[in-house]
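Asker: Those protein sequences? They're chains X and V, same order as listed.
One point on numbering: in our numbering, the residue at position 193 of the first sequence is 193, and numbering is uninterrupted.
Plus 473 on top of the position in the second sequence (first one is 1) and you've got our numbering.
Worth flagging that the hints you see were computed from the coordinates, not collected in a lab.
Chain X stretches covered by chain V per the calculated footprint, using a threshold of three residues with CB under 8 angstroms from any CB of chain V:
#1 190 to 204
#2 347 to 359
Chain X side only, calculated, beta carbon under 10 angstroms to chain V, not exhaustive:
#3 Pro184
#4 Thr209
#5 Ile212
#6 Tyr213
#7 Asp342
Backbone N, C-alpha and C fix where the C-beta goes; we use that ideal spot for every residue, glycine too.
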Amino acid sequence: MATNFLENDLQVEDSHICVVMVGLPARGKSLIAQKIVRYLKWLSVNAKSFNVGSYRRADTPRPTAEFFDTSNPEGERLRRAAAEAAVTDMLRWFEHENGHVGILDATNSTKARREWIKERCVAKGYDVLFVESKCDDEDLIMSNILEVKTTSPDYVGQDPELAARDFRERIRNYEKVYETVDEPDSTYVKLINVGSQVIINQVSNYLQTRIIYFTMNLHITPRSIWLSRHGESEFNVQGKIGGDASLSPRGLAYADALPELVKHSIGDKNVTLWTSTMKRTIQTARHLTYLKKQWKALDELDAGVCDGLTYEEIESKYPEDFRARDDDKYNYRYQGGESYRDVVIRLEPIIMEMERGENIMVVTHQAILRCIYAYFMNIPQDQSPWMEIPLHTVIKLTPRAYGTQEERFKANIPAVSTFRAKYTSANMGGEEGLVDEDKVLSPAATGAQVNGVVHPDEVESIVTPHHTATTPA
Amino acid sequence: MTLTVDWFDFASDYDYSASDGTGNSLLRRKSNIDIDAIHNIPLDSEMAPAQLYSTESGRLFHSGKIAIVTVGLPARGKTHVSVALSRYLRWLGVKTRAFHLGDYRRAHMGPGTDVPHDYFFIDATPSSVKLRQTILQKCRLDLYHFLDHEMGQVAIYDAVNPTSMGRKQLAKEFMKHDIQTIFIESYVDNPKIIEENVRSVKISSPDYQGWDQKDAVKDYIARMNAKIPHFETMEEKELNYIKMINAGERIIVNNCRFGYLPNRIVFYLMNLHIKSRQTYFARAGISSQDDSYKADGDLCEEGVGYAKRLGEALLENRNKEREAFIANGGSPEELKPLTVWTSTRRRTVATATYLQESGFKVKQRPQMSQLNPGDVERMTERQIRAKYPDEWERHQVDPYHHRFPRGESYHDLAVRMEPIILELEREKNDLLIIAHESVLRVLYGYLMACSTSDIPTLRFPRNEIVEIIPESYNNRSKRIPVPHTNPKGVYVP
Numbered sequence: 001m002a003t004n005f006l007e008n009d010l011q012v013e014d015s016h017i018c019v020v021m022v023g024l025p026a027r028g029k030s031l032i033a034q035k036i037v038r039y040l041k042w043l044s045v046n047a048k049s050f051n052v053g054s055y056r057r058a059d060t061p062r063p064t065a066e067f068f069d070t071s072n073p074e075g076e077r078l079r080r081a082a083a084e085a086a087v088t089d090m091l092r093w094f095e096h097e098n099g100h101v102g103i104l105d106a107t108n109s110t111k112a113r114r115e116w117i118k119e120r121c122v123a124k125g126y127d128v129l130f131v132e133s134k135c136d137d138e139d140l141i142m143s144n145i146l147e148v149k150t151t152s153p154d155y156v157g158q159d160p161e162l163a164a165r166d167f168r169e170r171i172r173n174y175e176k177v178y179e180t181v182d183e184p185d186s187t188y189v190k191l192i193n194v195g196s197q198v199i200i201n202q203v204s205n206y207l208q209t210r211i212i213y214f215t216m217n218l219h220i221t222p223r224s225i226w227l228s229r230h231g232e233s234e235f236n237v238q239g240k241i242g243g244d245a246s247l248s249p250r251g252l253a254y255a256d257a258l259p260e261l262v263k264h265s266i267g268d269k270n271v272t273l274w275t276s277t278m279k280r281t282i283q284t285a286r287h288l289t290y291l292k293k294q295w296k297a298l299d300e301l302d303a304g305v306c307d308g309l310t311y312e313e314i315e316s317k318y319p320e321d322f323r324a325r326d327d328d329k330y331n332y333r334y335q336g337g338e339s340y341r342d343v344v345i346r347l348e349p350i351i352m353e354m355e356r357g358e359n360i361m362v363v364t365h366q367a368i369l370r371c372i373y374a375y376f377m378n379i380p381q382d383q384s385p386w387m388e389i390p391l392h393t394v395i396k397l398t399p400r401a402y403g404t405q406e407e408r409f410k411a412n413i414p415a416v417s418t419f420r421a422k423y424t425s426a427n428m429g430g431e432e433g434l435v436d437e438d439k440v441l442s443p444a445a446t447g448a449q450v451n452g453v454v455h456p457d458e459v460e461s462i463v464t465p466h467h468t469a470t471t472p473a
Numbered sequence: 474m475t476l477t478v479d480w481f482d483f484a485s486d487y488d489y490s491a492s493d494g495t496g497n498s499l500l501r502r503k504s505n506i507d508i509d510a511i512h513n514i515p516l517d518s519e520m521a522p523a524q525l526y527s528t529e530s531g532r533l534f535h536s537g538k539i540a541i542v543t544v545g546l547p548a549r550g551k552t553h554v555s556v557a558l559s560r561y562l563r564w565l566g567v568k569t570r571a572f573h574l575g576d577y578r579r580a581h582m583g584p585g586t587d588v589p590h591d592y593f594f595i596d597a598t599p600s601s602v603k604l605r606q607t608i609l610q611k612c613r614l615d616l617y618h619f620l621d622h623e624m625g626q627v628a629i630y631d632a633v634n635p636t637s638m639g640r641k642q643l644a645k646e647f648m649k650h651d652i653q654t655i656f657i658e659s660y661v662d663n664p665k666i667i668e669e670n671v672r673s674v675k676i677s678s679p680d681y682q683g684w685d686q687k688d689a690v691k692d693y694i695a696r697m698n699a700k701i702p703h704f705e706t707m708e709e710k711e712l713n714y715i716k717m718i719n720a721g722e723r724i725i726v727n728n729c730r731f732g733y734l735p736n737r738i739v740f741y742l743m744n745l746h747i748k749s750r751q752t753y754f755a756r757a758g759i760s761s762q763d764d765s766y767k768a769d770g771d772l773c774e775e776g777v778g779y780a781k782r783l784g785e786a787l788l789e790n791r792n793k794e795r796e797a798f799i800a801n802g803g804s805p806e807e808l809k810p811l812t813v814w815t816s817t818r819r820r821t822v823a824t825a826t827y828l829q830e831s832g833f834k835v836k837q838r839p840q841m842s843q844l845n846p847g848d849v850e851r852m853t854e855r856q857i858r859a860k861y862p863d864e865w866e867r868h869q870v871d872p873y874h875h876r877f878p879r880g881e882s883y884h885d886l887a888v889r890m891e892p893i894i895l896e897l898e899r900e901k902n903d904l905l906i907i908a909h910e911s912v913l914r915v916l917y918g919y920l921m922a923c924s925t926s927d928i929p930t931l932r933f934p935r936n937e938i939v940e941i942i943p944e945s946y947n948n949r950s951k952r953i954p955v956p957h958t959n960p961k962g963v964y965v966p
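Sequences and hints are given; from them, build the entire structure.
Answerer: Structure below.
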């Protein structure tokens, strides 16, 4: 039976918070908004972002800078209508869809606008937290413009030079009326120059402090994260789970190939390498020369009494457990071990540190990577424990303002597949017909995939449950 | 060491030998769980209650050595912040120790001797400067010893540190020792907060016995202002600092982007306030399905009677304490209302019904649900030994970290309750917590800095309410009897 007593990690029962973003364009607001949503959802808090820009885009898909001039009454009216629609939708979501944290993603650059939003939320009994990103570092702004201009839906198909110029013009229009948040009675956090100074005012509940704590760890410096499982281990070959085994000969070959595999994509970037404290990840990383850190929190999910058994053995020794785990894999806790939910809780400091850090390569284990991957790619809990993260493959994630970009690099080294699909027998040799295609998610798209969510039609391949699935070149 | 009159941090009515550089002042007998152990030095081999992992260096979160330096005039809550922070960091497993400069000053001067009048002046006489340096030196040597030779990770240096120049020099000196410095300033410009602070922690000394409270507060503040005429608030852009304004109303964090730990500290400080309030712990009444985790039974008749006696005993005690407080010249505005927290389990909620009907606010906290006993639920010791001999063996060796099949360990419970710890700090009202014994053990363990070997054996019989009284320097615990009740919660005439 699934033991699910860890629900509600965060105290949310009476906190409905409207997080109102504040700041000029190109200050990383959408990035922050999107990350807050992802973080809270990963921790099982119902959160959603309402982007006023996308409401406005419905009427005005490709606006010019003049549209954003405050003296342009038509532009002003349309933008006001978009804000109105977004706020209305958000309030409806709180009320009817059990929303806990709604994020209003827009410039909200005037006191009048903020007062209006606050009144509407307070009238419904929701708390308001303003999150302002303030930046006067020109270099930071420019790098952010370059980032936004290449990915913003407003500039699809346009000349980048023109787009950049138009964007700066747009920002100037906002600057004319911009008022920084200093309302003494409002709850706010002001992030100045990406956290070099932070001002926190009138925080009134725990969930707010949690959100602020998280935003303080964010930065908008472009960077990537490289993820890899350890090379094939002796236990993988024997079909056993857990343990602290050494690498198999093919696993060692992967360790040898790893520096070359990531050489091109990492280049001369400054990378920190994290491993777990287990032999197989340390061995996998041994030829990489980056600064290394070992984290206990990156150790594989603890399978308790099942540690060191094969799936066949688990199925025969603990048939009920085997079934129960498939019923609710996220919440199922191995006898004397951990559940995915437990792992998420222990990974929280890791995620925080990953947000805080820059270029990081992580060599760790299947369940751990599923949780980390689910965080960055917004994978829901009923799917994340079932994702296939193949051996001998490096996944590169690059967080962008409008989603996380993914690339995969496969080493041409065969390995066993440790993947077992839902409700399949433990014997991974035969029974191909048992794969439930809806449940198997293999978001392996080689090349760029700019999206926070993986759609079923983007699934490259359904994994075949062969005991030894060699990975093609 | 007896209390002497010191005008700077003399909230320190405690017995702590600060000049013992070896840190061997284990004052509390290990098993005396009624005394707050926050100033004891934990054994190296012991894991902290919510510690997730250990390392050879003893340092966690990939942070190096850190000095947290307090800044602020007296009666701004500095000592409170440093003690609270050490409590929290230790709970997380970070080896933390607070060094209160006032202790060193008192130890150096000896009983009954005050420092020279110009001790804190910028233009102090050479002899005062020399005295200052001697005292500082001793404190810093202890601090370095702790960080370099005792596997210490965070040293909290609790002093006034009033000048910008002094702070810059300090950060430079620490940097030479490979120590990162974070300043925490307690800045207050609301006179009400200062007065309340002076009243609650500063004038309880024998010196002000027989004084009218208002006069005592005035006198203390006037003497303070004369003593430290010069104070510069933190504005040094190049230093790492956290400025708490008016007890956390506003927090300014400057330049603190260098690790997990500084941000974690800010997170904690966001929830901390310097107002003191009481916490009470009480067990839930007996239920129709007592001791069953899964059944979630309601209170039985005996339990309903207990709930009423519990509520009455608490209210009566609060009335007495309030009367005493007012009789001592306390202001009625400083009295805090009572809030009740229960878990979401039925019998804890039902135990609060009497108080709820009397008009008190009751909040349910899902994280406070009891330790999940797993497969050994409702089993006797003999049954467990027969069915799980190995597990039983392991449980005897380490009852804090061991989890029975399908169950939770105390460690799991502590980690899951961390949000409650922060909420507990955040709560401004007096607080009654009605919960299962396992939950009370963990919370009590946090507030009284109990070791992991003590926590699983703490006792909360139903004939007592445990009250935790916060003091600036340490917490005190007190037991309030619930009349006509035996330890099991059954009525006795």
